[in-house]
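There are 2 protein chains.
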Amino acid sequence: MGKENSKPTIVDVANLAGVSVGTVSKVINGKSVGESYQKKVKNAIRALNYKVNSYAQGLKASKTYTVVVIIPNTYHSFFGDVAHHLNVALTKRNYKMIMFCTEQNPDLEQDSIDLALQNKVDGIIGLTYNPNLVISENVPFVSIDRAISPSIPCVACDNFAGGQLAAEKFAELGCKRVLYLRKGSDLNNEPNKRKAGFENGCALKGLDYEVKMLSDEMGDSVYDFVPFIKSHIKKGKPDFDGIFCSTDSLLHIIKGEIEKMGLRVPEDIQMIGFDGVREHGFLEYTCSTIVQPVEAIAEMCVDLLLSDNMKTKPPLVCLPVTFAEGGTTR
Amino acid sequence: MGKENSKPTIVDVANLAGVSVGTVSKVINGKSVGESYQKKVKNAIRALNYKVNSYAQGLKASKTYTVVVIIPNTYHSFFGDVAHHLNVALTKRNYKMIMFCTEQNPDLEQDSIDLALQNKVDGIIGLTYNPNLVISENVPFVSIDRAISPSIPCVACDNFAGGQLAAEKFAELGCKRVLYLRKGSDLNNEPNKRKAGFENGCALKGLDYEVKMLSDEMGDSVYDFVPFIKSHIKKGKPDFDGIFCSTDSLLHIIKGEIEKMGLRVPEDIQMIGFDGVREHGFLEYTCSTIVQPVEAIAEMCVDLLLSDNMKTKPPLVCLPVTFAEGGTTR
DNA sequence: TTGTATGCGTTATCAT
DNA sequence: ATGATAACGCATACAA
Chain A
2 MGKENSKPTI VDVANLAGVS VGTVSKVING KSVGESYQKK VKNAIRALNY KVNSYAQGLK
62 ASKTYTVVVI IPNTYHSFFG DVAHHLNVAL TKRNYKMIMF CTEQNPDLEQ DSIDLALQNK
122 VDGIIGLTYN PNLVISENVP FVSIDRAISP SIPCVACDNF AGGQLAAEKF AELGCKRVLY
182 LRKGSDLNNE PNKRKAGFEN GCALKGLDYE VKMLSDEMGD SVYDFVPFIK SHIKKGKPDF
242 DGIFCSTDSL LHIIKGEIEK MGLRVPEDIQ MIGFDGVREH GFLEYTCSTI VQPVEAIAEM
302 CVDLLLSDNM KTKPPLVCLP VTFAEGGTTR
Chain B
2 MGKENSKPTI VDVANLAGVS VGTVSKVING KSVGESYQKK VKNAIRALNY KVNSYAQGLK
62 ASKTYTVVVI IPNTYHSFFG DVAHHLNVAL TKRNYKMIMF CTEQNPDLEQ DSIDLALQNK
122 VDGIIGLTYN PNLVISENVP FVSIDRAISP SIPCVACDNF AGGQLAAEKF AELGCKRVLY
182 LRKGSDLNNE PNKRKAGFEN GCALKGLDYE VKMLSDEMGD SVYDFVPFIK SHIKKGKPDF
242 DGIFCSTDSL LHIIKGEIEK MGLRVPEDIQ MIGFDGVREH GFLEYTCSTI VQPVEAIAEM
302 CVDLLLSDNM KTKPPLVCLP VTFAEGGTTR
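Same order as they appear, the protein sequences are chains A and B.
Okay, so the first sequence: first residue is 2 according to the working numbering, each after it adds one.
Okay, so the second sequence: first residue is 2 according to the working numbering, each after it adds one.
These aren't lab readings, by the way, just hints derived from the structure by calculation.
Just to be clear, a hint being listed does not mean it is correct.
As the list makes no split between identical chains, a pair holds if one copy fits it or if it spans any two.
Simulated crosslink set (BS3-like; lysine-lysine; CA at most 27 Å straight-line) [said to hold, decoys possible]:
| id | residue 1 | residue 2 |
| --- | --- | --- |
| 1 | K238 | K61 |
| 2 | K8 | K177 |
| 3 | K177 | K206 |
| 4 | K8 | K32 |
| 5 | K43 | K121 |
| 6 | K177 | K235 |
| 7 | K238 | K194 |
| 8 | K8 | K314 |
| 9 | K121 | K41 |
| 10 | K236 | K261 |
| 11 | K52 | K64 |
| 12 | K121 | K32 |
| 13 | K177 | K194 |
| 14 | K61 | K213 |
| 15 | K236 | K43 |
| 16 | K196 | K238 |
| 17 | K27 | K261 |
| 18 | K52 | K27 |
| 19 | K32 | K314 |
Nothing here was measured: the structure is a model prediction, and the numbers come from that model.
Work out the full structure, taking the sequences as your base and the hints as a guide.
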């Protein structure tokens with residue numbers, strides 16, 4: 002008897018149905034099979050509660066219907082949102098998603114890629130920060146928010162347009178002088194284009210502005226913005242009436258700080274953030290913000306990754322952003 | 002030549018190294034191998050950039066170092082937090098995590114389990130709501146927040162203690178009459194014990210209270226709490242001085258609503274939530290709250306799932322909660 | 001200690 | 001149309 006208690010295989014099904022394994026395989030894969038055989042096989046499958054072993058399938062076909070997603074984490078609202086929509090987009094196409102959280106650790110990012118290759122996944126989607134990422138050519142890779150190489154498509158929102166939109170909104174809302182606060186990676190990534198777009202918009206609208214940049218890599222703290230802001234307040238009077246923050250997260254911290262300084266939002270100071278993520282999964286935005294089309298980004302990533310009939314993939318895809326009112330503008 | 006351009010296999014390594022495949026396999030798996038052979042093999046592996054095919058491995062060993070995590074979504078802060086810590090706990094143990102987001106859809110939950118079985122994963126961790134979940138006996142399963150069957154371990158925070166702790170805090174903070182607002186699933190799950198714990202705590206401390214329960218399944222809206230709250234305000238004067246909300250998310254909505262009614266938090270009304278999730282991944286809590294030990298829960302789930310030497314697994318594990326001040330209490 | 005051969009479950013290529 | 005059989009890449013018992 003031997004392997005009595007192990008899982009049923011295609012052979013067991015064939016035996017019970019009184020047909021050959023080839024026939025069973027055909028039934029499973031929807032190939033043309035005689036009516037009566039069809040029935041016998043299906044009954045046997047049900048009777049044994051047989052499931053195909055996707056590892057054997059993967060070994061044979063070297064197609065695993067599995068995609069690895071590399072992302073810093075899922076507790077941060079924006080990343081959580083991205084991860085979720087990637088999952089939905091993949092599931093919709095019958096793909097499984099293996100997730101690696103890297104906390105922006107360069108080594109972990111590289112390890113994740115190596116592990117993915119080892120697991121013969123059909124592709125990788127990565128939101129990474131490692132500037133020296135080694136990606137072997139034979140595996141489809143789509144990058145989010147960072148151009149890695151010309152042969153690797155990068156998907157992002159239109160960060161430049163987003164920055165410009167923010168500037169235009171401030172102008173429209175009657176602001177005269179706006180601060181741009183940014184803290185992020187020094188890497189040459191897409192979100193850094195928010196600044197250029199913002200400056201462009203300010204120039205277009207004749208809006209006065211000042212920029213303060215802080216760096217992740219340099220270990221700057223968000224609270225380093227505080228003295229900068231204070232230097233713009235003389236005798237309780239700010240010389241600015243708007244603040245554009247590079248992310249909604251940053252906005253929330255800064256909002257708390259300037260409220261401590263006795264300024265009210267949006268009465269005294271109007272604020273616009275970036276990302277447009279809804280905390281708690283609610284529908285309402287927690288601040289006025291430039292909204293990233295996260296779902297569209299996720300869909301685009303998956304489409305690009307899985308379309309093997311596309312000869313030359315676009316090196317950079319920018320998806321449109323929108324402005325959403327969220328209580329920090331008038 | 003044939004398969005010239007395909008990935009190198011263990012055979013290619015063996016050929017290049019001038020040894021047998023068995024030897025290569027041993028080197029890969031850290032079995033004892035002669036010093037000189039060791040070197041030759043390792044060089045060949047490097048030269049070919051060889052990676053073991055984990056599908057072939059999985060087929061052979063029927064051990065895949067893969068765990069499926071079933072969770073409603075990752076954009077909601079609490080779920081995102083859970084998913085993240087599960088990922089970290091699994092990665093730490095060299096396991097890969099396949100994620101399925103189900104949005105609490107019962108069919109999707111069942112499908113995810115079936116798919117997991119098909120993929121021969123080593124185990125499943127599920128935060129599910131389907132009351133009729135069919136889980137075949139031969140796959141390790143750990144449930145979060147809901148007891149599914151005596152043979153399936155359930156891991157949760159100590160919800161009863163959490164409810165009681167909230168009541169005790171209210172008493173300590175000088176409250177005389179507290180409202181308990183709960184919206185959730187009617188399923189017999191662990192979080193529903195918060196109510197009993199709260200009532201117990203109120204009784205213990207001689208605290209007056211009233212309870213209002215809303216149901217997910219009945220399609221209730223959180224705004225259905227508004228008339229209930231208003232019925233407790235006579236001529237602008239509330240007959241309560243505290244509100245315990247079954248989740249932080251709910252607290253944030255209710256806080257907005259009662260502020261619209263002209264009540265201030267925490268000056269007029271003190272509020273305590275449940276979950277203790279930090280928005281934006283910050284360190285600060287967004288409200289005073291009963292904090293779930295998410296990391297401990299994740300670790301416990303993984304430990305329980307992967308410990309095969311444990312003969313009888315505990316049917317229910319409750320992990321301790323703590324109170325955190327977050328600006329909605331005095 | 002090292003090499004050889006068999007099997008894991010599936011699919012695809014043959015004959016039949 | 002159906003059945004037998006050879007791969008897929010790896011691990012392991014067994015032989016050398």
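Hints versus structure:
1. K238 - K61: neither (71 Å within a copy, 73 Å between copies)
2. K8 - K177: neither (71 Å within a copy, 61 Å between copies)
3. K177 - K206: within (10 Å within a copy, 56 Å between copies)
4. K8 - K32: within (24 Å within a copy, 29 Å between copies)
5. K43 - K121: Answer is between: at 21 Å across copies they meet the 27 Å cutoff, but 30 Å inside does not.
6. K177 - K235: within (17 Å within a copy, 46 Å between copies)
7. K238 - K194: neither (31 Å within a copy, 52 Å between copies)
8. K8 - K314: between (42 Å within a copy, 23 Å between copies)
9. K121 - K41: Between copies only: 25 Å across, 34 Å inside.
10. K236 - K261: within (15 Å within a copy, 33 Å between copies)
11. K52 - K64: both (18 Å within a copy, 16 Å between copies)
12. K121 - K32: both (26 Å within a copy, 25 Å between copies)
13. K177 - K194: within (23 Å within a copy, 54 Å between copies)
14. K61 - K213: Close neither inside one copy (56 Å) nor across copies (57 Å); limit 27 Å.
15. K236 - K43: neither (82 Å within a copy, 70 Å between copies)
16. K196 - K238: within (26 Å within a copy, 49 Å between copies)
17. K27 - K261: neither (70 Å within a copy, 64 Å between copies)
18. K52 - K27: This pair counts as within: shortest intra-copy Cα distance 14 Å, inter-copy 32 Å.
19. K32 - K314: neither (33 Å within a copy, 44 Å between copies)
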